[in-house]
Amino acid sequence: MKLVAGIDVGGTNTDAVLVGDTQIVGWAKVPTTADVYSGIVAALKKIGGAASASRVHIGTTAFTNALVERRELAPTAAIRAGKPVSESLPPMTDWPDDLRAAVSNQSYFVSGGREYDGRPIGTLNRQELAEIARRLSATETTQAAVTSVFGTSYPDDEVRIAEWLVAENPRLQVSLSHRIGRFGILERENATLLNAMLRPLAARTLAAYQAAVPANLFVSQNDGTVARASRAVEAPIFTVASGPTNSLRGAAILASSQEACVLDVGGTTTDAGVVHLGYPQPAGLDLAVGGVRTNFRMPDLCSVGIGGGSLVDLETGEVGPRSVGFRLTEEAMVFGGATLTLTDVAVAAGRIRLGDRSRVAHLGAETIARVDQRLRVRLERLLENFERAGRNLPIILVGGGAPLIEALLRDLGRKVLCPERADVANAYGAAMAQVGGEADLTFSSTAISRPEALARAEREAHRRAADAGAAPDTVTTVELEDAAFSYLASDAIRVRARAVGDIEDQAQ
Amino acid sequence: MSYAIHRSDVSALALGSAVLGCGGGGNSYYGQLVARRLLSEETEVRVIDVNDMEPGSFAISPAAVGATLVALEKPPSLIALRAGLDAVTPALKGRLTAFFAGEIGGLQCIFPLLAAAQAGLPLLDGDGMGRAFPELQMTTFSIYGTTRGLPHALSSDRGILPLPPINHPDPAGSSGEPPGIHFERAVRKVCTEEGGLIYLTAVFDQESLSRTLVRGSISLALRIGRAVESARASATDPIRAIIDAADGKPLLVGKVVDVERQFRAGHDWGTVRVEGVDEDRGHRAEIAFKNEYLIVKLDDEVVLTVPDLIALVETESGTPVSTDILRPGLRVTVLALPASPLLTTPIALKSVGPSAFGYDLPYISFRSA
Chain X
0 MKLVAGIDVG GTNTDAVLVG DTQIVGWAKV PTTADVYSGI VAALKKIGGA ASASRVHIGT
60 TAFTNALVER RELAPTAAIR AGKPVSESLP PMTDWPDDLR AAVSNQSYFV SGGREYDGRP
120 IGTLNRQELA EIARRLSATE TTQAAVTSVF GTSYPDDEVR IAEWLVAENP RLQVSLSHRI
180 GRFGILEREN ATLLNAMLRP LAARTLAAYQ AAVPANLFVS QNDGTVARAS RAVEAPIFTV
240 ASGPTNSLRG AAILASSQEA CVLDVGGTTT DAGVVHLGYP QPAGLDLAVG GVRTNFRMPD
300 LCSVGIGGGS LVDLETGEVG PRSVGFRLTE EAMVFGGATL TLTDVAVAAG RIRLGDRSRV
360 AHLGAETIAR VDQRLRVRLE RLLENFERAG RNLPIILVGG GAPLIEALLR DLGRKVLCPE
420 RADVANAYGA AMAQVGGEAD LTFSSTAISR PEALARAERE AHRRAADAGA APDTVTTVEL
480 EDAAFSYLAS DAIRVRARAV GDIEDQAQ
Chain E
0 MSYAIHRSDV SALALGSAVL GCGGGGNSYY GQLVARRLLS EETEVRVIDV NDMEPGSFAI
60 SPAAVGATLV ALEKPPSLIA LRAGLDAVTP ALKGRLTAFF AGEIGGLQCI FPLLAAAQAG
120 LPLLDGDGMG RAFPELQMTT FSIYGTTRGL PHALSSDRGI LPLPPINHPD PAGSSGEPPG
180 IHFERAVRKV CTEEGGLIYL TAVFDQESLS RTLVRGSISL ALRIGRAVES ARASATDPIR
240 AIIDAADGKP LLVGKVVDVE RQFRAGHDWG TVRVEGVDED RGHRAEIAFK NEYLIVKLDD
300 EVVLTVPDLI ALVETESGTP VSTDILRPGL RVTVLALPAS PLLTTPIALK SVGPSAFGYD
360 LPYISFRSA
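These protein sequence lines are chains X and E, in that order. Once you know that position 318 of the first sequence is 317 in numbering that gives the first Met the number 0, the rest is easy, because the numbers rise by one and skip nothing. Once you know that position 36 of the second sequence is 35 in numbering that gives the first Met the number 0, the rest is easy, because the numbers rise by one and skip nothing.
Per the computed footprint, the stretches of chain E lying under chain X, defined by three or more beta-carbons under 8 Å from a beta-carbon of chain X, are: (1) 65-71; (2) 271-284; (3) 319-331.
Hints are computed from structural coordinates only; laboratory data are not their basis. The structure displayed is predicted, hence computed values, not measured ones. Don't be surprised by glycine CBs; every beta carbon is placed ideally from N, CA and C.
Using the sequences plus the hints, can you model the full thing?
See below:
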């Protein structure tokens, strides 16, 4: 049996699971260590060592933290092709001042770039780029981020620019916008710049992980897929929102449900998200990373202040949003404290056994019913946010506070799934990840029909998934959408496709 | 009555304009960034009523024409804006005393604001729509006719472009088509050839403007934007704030459950379905759009049509939702705002009523909804 290890390096704990044929065969929770490395080694050792695993998938917040804390970021040159188009919005417009101050990035506008229909805006100029490459060499800048106008649809200019830059300055590492971001020049360029700024850190970090892991190393990405470490060093920005994605996906697979609403009941809040085709439904809004707008999407998450430590008002039956949080075992009544929490009510109602039940014996059936009524209304509202037309999604309940509301959800007529090992859903989500590919293309469709345009984008996404290591016969399309370029007499459309597939182990 | 606006008002103006954009008019984020970058802290632009303009003087409207998606790769072009202004200014037959927006919706008010700041001239409190519309003939200027033969220019990053004839020989009405539609078609051809986004700079005279301008729309956008910003700051209901600021009414609070779109004849057509939540549970709305939201059906009954304003706004944040970012799962409130009386006369409805968008429906007004 082929074994895969999934590791989630969190702020507090490093979780690891060993998975064979989708089943968890070993799991561990150890404290995260300052060097990260020894925590990973300890967790792997507990699950039987990485030697038995053919692959290790790691979910990490290392790069997100570096961006948020503005540390270990490499100075980068922003190179934008399309002069004079877009000069009104130079690179790094709208960046937080402290981030600008933390890295001394340079910016250059060069000739090149395309119109929506593929015609060049200007001609690429090798001299111009050689001059920039020499200047970067002089300032010992090792990172460049190249963004060309309509680069996602016509990537050739970016590829050519990178070739010319590296030919002149072989030490230069070049991040290309069409491989990083989507349509929307500023957000795509932002993501490409952040990526470039993270690359030296990514190389160091992933080398350290690899040293801890004597197996093929893969890294969790925002969209619920993993990338080979050798690829992740080139695109560390893809990892910044992988945490919530892994936990939603992990919960869904543990519960064997491709379409579901996931509720994670913690001490202070209950967080809800929805999976569709096994992947989290993305939020409508773009994701700001370290205060910089990018066009990545986060999973759509919604929170309510209902958790095990939530304060309960006896008069009204209202629960939360204030909570005793981590002081539950001191302040809750069943633990000898003086604060009435949701945990106390659940103990009184006989839903869970915790602490000293006699201490909440004074809570009568009427009080419990009043609290339940309020909770039902609020849970129903929370769930409504995720309901699509004509569907009654099953609910996957995870988190330490799950037993507190399980019965109430069943009262609402909902199907409730409480998977085992939900406490390591995040690491499990990492272990179960597939690889993916995405295409965001523009077609000037007087020559090509809409179905053909959709098919081409789909083929390109499949090609990129296979390129990322997917077994071709397992690749399926998970997203396919098109939008029109309003107001153009020629019917130009933009198509975005995303495909995922299982990792082909032989290909390693 | 005049007042001054500053750099710090740009975000409120952009937010309010996006609400009045009715789902169209372009992404205002880039326009806002350009304005904030170019206006200094000390810049002050006076906003004046058209009747305070010097009689016999002229005003210029600089505007972007093109595809909103293209504008995401090609942000506002200051080169094109400058070229357009330089082309029309020498041809003026009198004093230039103001700038104004042809369209308040979306990002269009950014260009006249920048031009006014640069020239040290005021901005007129008004526009030619009081909202956003997809085509040039849908302005009050085309509908009611303005002084003919005043200078116009088309421009792009490459400079000045050939200008199609503005006044088609076909007399208005004789072909049954709205006035100005020939110009619209010709401009669109140039736009498509020129990379999908160009700039139209037009000169108008005070007399025409006082007759045709939708007055007060800059103030309205500012009022809406400021109301939402202060609701966010004080954690109060942003939807209520919009309703109070714009004399609007909520049609449905719900979530987007389905978006169907189709691409026909250069425009983004589609339908978005919203299912009610909370107090509106059990009700549903279906909104048809052609770049902008046009018709609202509430539980299968048409309750409101263009030219009245339909806005979809994120319930939580008050952020307007444009047609291009619609997706299932968004939690939105469907809002109705009244149209300017200039848009609801029988003659105007031929250009901007339901029939102008191909719907066999009478105009159903906000007042009856």
